[in-house]
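S.K.: Chains as they are written, first to last, in this note's numbering: chain A, 1 to 114; chain B, 1 to 112.
Just so you know, these hints were derived from the structure itself, not from any lab.
Just so it is clear, CB atoms sit at the ideal spot from N, CA and C, and this is done for glycine as well.
Honestly, I wouldn't trust all of these hints.
[Said to hold, decoys possible] Mimicking DSSO-like on lysine-lysine, the simulated pairs with C-alpha atoms at most 30 Å apart in a straight line are:
#1 B/Lys41 <-> A/Lys13
#2 B/Lys17 <-> B/Lys68
#3 B/Lys104 <-> A/Lys57
#4 B/Lys17 <-> A/Lys57
#5 B/Lys104 <-> A/Lys13
#6 B/Lys3 <-> A/Lys57
#7 A/Lys57 <-> B/Lys56
#8 A/Lys57 <-> A/Lys13
#9 B/Lys104 <-> B/Lys41
#10 B/Lys68 <-> A/Lys57
#11 B/Lys3 <-> B/Lys68
#12 B/Lys104 <-> B/Lys3
#13 B/Lys68 <-> B/Lys41
#14 B/Lys68 <-> B/Lys56
[Said to hold, decoys possible] Distance windows between CB atoms, simulated:
#15 B/Arg107 <-> A/Glu52: 25 to 31 Å
#16 A/Arg63 <-> B/Thr77: 44 to 50 Å
#17 B/Arg107 <-> A/Ile12: 24 to 30 Å
#18 A/Gln41 <-> B/Pro8: 44 to 50 Å
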Amino acid sequence: KAGVTQTPRYLIKTRGQQVTLSCSPISGHRSVSWYQQTPGQGLQFLFEYFSETQRNKGNFPGRFSGRQFSNSRSEMNVSTLELGDSALYLCASSSGPLEYNEQFFGPGTRLTVL
Amino acid sequence: ELKVEQNPLFLSMQEGKNYTIYCNYSTTSDRLYWYRQDPGKSLESLFVLLSNGAVKQEGRLMASLDTKARLSTLHITAAVHDLSATYFCAVDIMNRDDKIIFGKGTRLHILP
Numbered sequence: 001k002a003g004v005t006q007t008p009r010y011l012i013k014t015r016g017q018q019v020t021l022s023c024s025p026i027s028g029h030r031s032v033s034w035y036q037q038t039p040g041q042g043l044q045f046l047f048e049y050f051s052e053t054q055r056n057k058g059n060f061p062g063r064f065s066g067r068q069f070s071n072s073r074s075e076m077n078v079s080t081l082e083l084g085d086s087a088l089y090l091c092a093s094s095s096g097p098l099e100y101n102e103q104f105f106g107p108g109t110r111l112t113v114l
Numbered sequence: 001e002l003k004v005e006q007n008p009l010f011l012s013m014q015e016g017k018n019y020t021i022y023c024n025y026s027t028t029s030d031r032l033y034w035y036r037q038d039p040g041k042s043l044e045s046l047f048v049l050l051s052n053g054a055v056k057q058e059g060r061l062m063a064s065l066d067t068k069a070r071l072s073t074l075h076i077t078a079a080v081h082d083l084s085a086t087y088f089c090a091v092d093i094m095n096r097d098d099k100i101i102f103g104k105g106t107r108l109h110i111l112p
């Protein structure tokens with residue numbers, strides 16, 4: 001069974017640009033969650049999608065958005081990039097809502113904003 | 001302010017020894033997660049603790065949750081070098097959108 005995949009793995013952007021990251025969950029999993037990891041702020045929860053609906057969103061500005069498609073694949077978008085958005089972005093999938101089910105993480109997308 | 005505090009933040013220990021990592025949190029929750037992260041790698045889910053008194057074990061790791069004390073522990077028995085990693089706890093905050101608050105992580109280094 002294929003694991004969680006994230007594309008791209010590495011990305012370099014400049015301030016003011018926007019970026020879209022993609023996450024393909026394990027087959028059959030309906031929940032996808034996104035996390036941001038930075039040296040300064042540590043790990044932070046971004047949002048969770050389940051069956052194409054956003055269930056929760058962390059304390060991030062509106063520049064951070066996401067969506068989930070009918071095949072459970074998810075994308076997150078960051079508009080008007082800032083230097084502080086440089087981070088490792090992780091997605092995780094689970095068979096059901098994350099509070100009841102084990103999460104499986106992808107390898108991450110490392111975003112650098114110059 | 002919501003806080004999830006892990007201690008210690010750094011731990012260097014000898015193989016074969018036992019030790020405990022503590023995770024204290026400042027708000028009501030009855031769900032807590034433990035994760036492992038190897039250097040330069042992604043996260044791996046270790047335990048999902050869903051109720052007061054929950055105890056889970058996997059190999060040399062055992063996690064427990066005391067919701068009254070707002071405390072979870074991750075106990076390492078007879079440590080081996082392969083357990084060297086950073087361990088994070090995360091508290092699931094019910095009825096809040098921001099949902100999950102992580103601790104800063106405990107960097108564990110086990111000396112062979």
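S.K.: Work down the list of hints and note, for each, if the structure agrees.
M.R.: Verification of the hints:
1. Between B/Lys41 and A/Lys13 the CA atoms are separated by roughly 22 Å; this keeps the pair inside 30 Å, and the hint holds.
2. Between the alpha carbons of B/Lys17 and B/Lys68 the distance comes to roughly 29 Å, so the proposed pair stays at or under 30 Å and holds.
3. Note on B/Lys104 and A/Lys57: the hinted pairing holds, with a Cα-Cα distance of about 20 Å set against a maximum of 30 Å.
4. Using a Cα cut-off of 30 Å, the hinted pair B/Lys17 and A/Lys57 is violated, with the two alpha carbons roughly 41 Å apart.
5. Taking the CA atoms of B/Lys104 and A/Lys13, the gap is about 27 Å. The hint holds against a cut of 30 Å.
6. For the hint pairing B/Lys3 with A/Lys57, the CA-to-CA distance comes to about 18 Å; that is within 30 Å, so the pair holds.
7. Straight-line distance between C-alpha atoms of A/Lys57 and B/Lys56 comes to about 28 Å, which keeps the hinted pair within the 30 Å bound.
8. Between the alpha carbons of A/Lys57 and A/Lys13 the distance comes to roughly 24 Å, so the proposed pair stays at or under 30 Å and holds.
9. Distance check on the hinted pair: B/Lys104 and B/Lys41 sit about 16 Å apart at the alpha-carbon level, within 30 Å; holds.
10. With a CA separation close to 27 Å, the supplied pair B/Lys68 and A/Lys57 stays within the 30 Å bound.
11. Restraint check for B/Lys3 and B/Lys68: the C-alpha separation of about 16 Å stays at or below 30 Å, so the hint holds.
12. As the CA atoms of B/Lys104 and B/Lys3 are separated by approximately 10 Å, the hinted pair is consistent with the 30 Å bound.
13. Taking the CA atoms of B/Lys68 and B/Lys41, the gap is about 34 Å. The hint is violated against a cut of 30 Å.
14. For the hint linking B/Lys68 to B/Lys56, the alpha-carbon distance of about 18 Å falls within 30 Å, and the restraint holds.
15. Between B/Arg107 and A/Glu52 the Cβ separation comes to about 38 Å, which falls outside the hinted range of 25 to 31 Å.
16. For A/Arg63 and B/Thr77, the hinted distance range of 44 to 50 Å is satisfied, since their beta carbons lie about 45 Å from each other.
17. For the pair B/Arg107 and A/Ile12, the supplied restraint of 24 to 30 Å holds, since their beta-carbon distance comes to about 28 Å.
18. Range check, A/Gln41 to B/Pro8: Cβ separation about 20 Å, and the 44 to 50 Å hint is violated.
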